[in-house]
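Peer 1: So you can see what is in the structure, the chains are spelled out below.
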Amino acid sequence: MNMSKQSRNGSNRSLIVDMKGIVKHFPGVTALDHADFRVERGEIHALLGENGAGKTTMMRILNGIYMPDQGEIYISGQKSSITSPREASKLGISMVYQHFTLIPALTVWENMALTIPSPKEPFLDMKYSTRLLLELEEKYGLEIDPTAKVSDLSAGEKQRAEIIRALSQGPKILILDEPTSVLTPIEVERLFEVLHQIARQGTSVIFISHKLGEVLEISDRITVLKKGKVTGNFLTKDATREELATLMVGRTVLFRINRPDVKIGDPLLNVENLTVKNEEGASIVNKVSFSIHGGEILGIAGVSGNGQRELAEALLGLREAKAGRVIICKKDVTNLPTKKIINAGAGMIPEDIQEMGIVRDWTLRDNLILELHSSCPFADAGPLRWLSIDIQVFRNEKEIDKFCDDAIEKFNIVAPNGYTLASNLSGGNLQRLMLAREIMRGTTVLIACQPTRGLDVGAAEYVRTCLLKHKERGNAILLISEDLDELKMLSDRIAVMYEGEILGILPPDTKVDKIGLLMGGTRDNSRET
Amino acid sequence: MDLAIGLLQGALMYTIPLWLAAMGELVQQRAGTWGLGIEGTMLMGAFVSYFITLKTEAILLGILSGLLVGIITGLFMALFIVILGRSQVVTGIGLNILAAGLTSFLFVELITKVYNRVPYVELMHVVKVPLLSRVPVLGPVFFENCSVTYGVFLLFPVLGIILYKTSFGLKNRAVGESAEKCNALGINVIKTRTLSVLFAYTLAGLSGATLVLGSTGSFTHGMTAGRGFLAIAIVIVSNWTLLGVAIIGFLFGITQSGQQILQIFTPQIPWQLLLAIPYIFGISALIVGALRARQPSELGIPFLRQR
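Protein chains in written order, with our numbering: chain A, 1359 to 1887; chain B, 7 to 313.
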């Protein structure tokens, strides 16, 4: 047999990508541990794994951003040393990242012109670049205005522009890093059609994801990574969800969380005709009304950018409500200062924890008491109490330590101690910090915004379990999420938000395509509340 | 009419060095770095061009030496702020302090102590454009100038084409908005920024030379009197656009020329107050302009390559 001869002399010729024995170290962690990765021509290959498993690192090596410490890479059978994204581009490798790479201050066509020189070099040719763009859009079915400034585009449009940019080089290998996070179900379907089209034309597609459903739907073959090692590699038709999840996480993962029946209490949050306007005077939240009772989770479905964030901010007094009312626990809190709204029982886990939820330069313990820092028991009269003065001015470090230890234990926050800086905590641990803070201080109306975004299966499961337990204690939760599966799993009712309006409130077992239609703006005739 | 001509001619004379410095600074800032040392570079360019012209009696060498001062300074600044990514504020201001001390010291040692006076040097020759220089008012103002001035007039459209219509200019602008992203696209951020810094300081050196060889014919301590910073203010108030630089720059010239005329015609107003007018205008313009202006997104943020 010639098998061993093949591996000694180089690489199997039908493979377009052959990465052998890749090792990559970063300070303190081994991101990739002798991982192999092979992609055939014209195949859609999914790279599946939790956050931190090494998928992005592997692809960054392929795209020339990192250099492997050990291992070999063969592109189309040729041994290659990919030292920069430009080198990768020359080899026919193109990558669409999770974060946006287009320059916001420039227009779409100018961004194109940066990488594709016009025939009138060194001069720019707007007509040429625009025509190129339109041709690509036509070919792959993606729509963008070439003359629009990137900073003016919506998240979904930015995504499309990114993909067009990657396709513009006519790559042999297209890498997509979690591309569906800002697309509606309809757009995801369209993207998949596009990917199939691309693959049929001979370009291989590498699809990085942690979403099992999508991976099973779109790919021909799947490679599973766990903590830097490849734990599985098979044809998609031979794989099952459960098997994949186990390979990703290493233990059996619950897909259906048990939702015990909970007694519904009084309405804790009433929103009546809430309207919020943006700088130009348009309504980004338009006459939204709903109510959440104690023991209930109301999910808000919708693609990012349809007013969900502004709704959450208005509820907490971070944004002005131009009309309508917000009532928490029977108290009208519309447009009250945020502190009063928090004291009325509201709390939020924001979308962007690093930006809005914590102070990065502070310690874990200081962040944990962030909303309660000036009240009992964390602040008291200190030495003044000998004078019988009762004010909350001095910090009570003992109480803070107690609270911190309690939180770390109950919520499994992984940190050496309470003095760890928040900036050193991982995404998953920051989520736990937020959960601990909001849940332990007894928030009755909790607004959770994309609470499991970017988390791996294990961490996400934990967050969802926490939310359910919180609900079981009789609290109300407003769950804003782009993850339909999550919404269906956790919500008692699902409201769909589109362009600032609630188009419908549906039971959680409604079919995905119906919810997807509403998410995309198709108004439903039968509205149920 | 003569008054109008006088006003405009005076304005142009004041504006030319400002325009040069501001154009260079514009390019540098669009690429993402603050060029705070152009004041000092202007001063050094002025002194060196004065000295060289005095010694060689060749105006051309004076101009070239001003350029050379700019290039050398630019190389140093590029090393510190682009390649090493050090503080743009500290290096710029440090350069200004160095220039002030150095030029004053050399001026005393090499000129006043040697000549016991400040000898004048020949100014650049004025060239009249045939026909056009006979147009009333605008003729004598715009078409009776030295070659460097004509060069500056040409530089505006040329720079405009380069900055807005070429891929080189696009890269220059892109790198000041998102250096990381440009790097990911394979653009050499360091090279682009270095070139922009070199351009800015070279022009600043030339600007200093025109101060001496275009209007005064001599040198004095601290001759630039804050013009370098005025140029930076022009860039900001113009919202980082070339057209804005042209207009605002000329407006500054008018205020300066205007106050000089006022000094003669309204001696009742204390000249010290009149002297302050251009700077008051500058501050007010900054306040108004900076409110609406949007600066290049990564202006001031050094680009440090990590692998």
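These are computed hints drawn from the structure, not numbers from a lab. Remember, it's a predicted structure, so these values are computed and weren't measured experimentally. Positions of the beta carbon are idealized from the N, C-alpha and C atoms, including for glycine. Keep in mind that a hint or two might mislead.
[Said to hold, decoys possible] Derived CB-CB ranges, DEER-like: (1) A:H1383 - B:G192: 24 to 34 Å; (2) A:M1714 - B:V114: 54 to 64 Å; (3) B:G192 - A:N1693: 30 to 40 Å.
[What the hints assert, rightly or not] Rough simulated footprint, nothing fancy, chain B against chain A, three-plus residues with beta-carbon under 8 Å: (4) 1388–1398; (5) 1440–1454.
Peer 1: Compare the structure with each hint and give your call.
Peer 2: A quick look at each hint next to the structure:
1. One distance hint, 24 to 34 Å for the beta-carbon pair H1383 of chain A and G192 of chain B, holds here, with the actual separation near 26 Å.
2. Separated by about 59 Å at the C-beta atoms, M1714 of chain A and V114 of chain B satisfy the suggested range of 54 to 64 Å.
3. Look at G192 of chain B against N1693 of chain A: about 50 Å separates their beta carbons, and that is not inside 30 to 40 Å.
4. With 0 residues having a beta carbon nearer than 8 Å to a beta carbon of chain B, the segment 1388–1398 of chain A misses the requirement of three or more and the stated coverage is violated.
5. For the segment 1440–1454 of chain A, the proposed coverage by chain B is satisfied: 4 residues have a C-beta within less than 8 Å of a C-beta in that chain, meeting the threshold of three.
In summary, the structure is inconsistent with hints 3 and 4 from the numbered list given earlier, while agreeing with the others.
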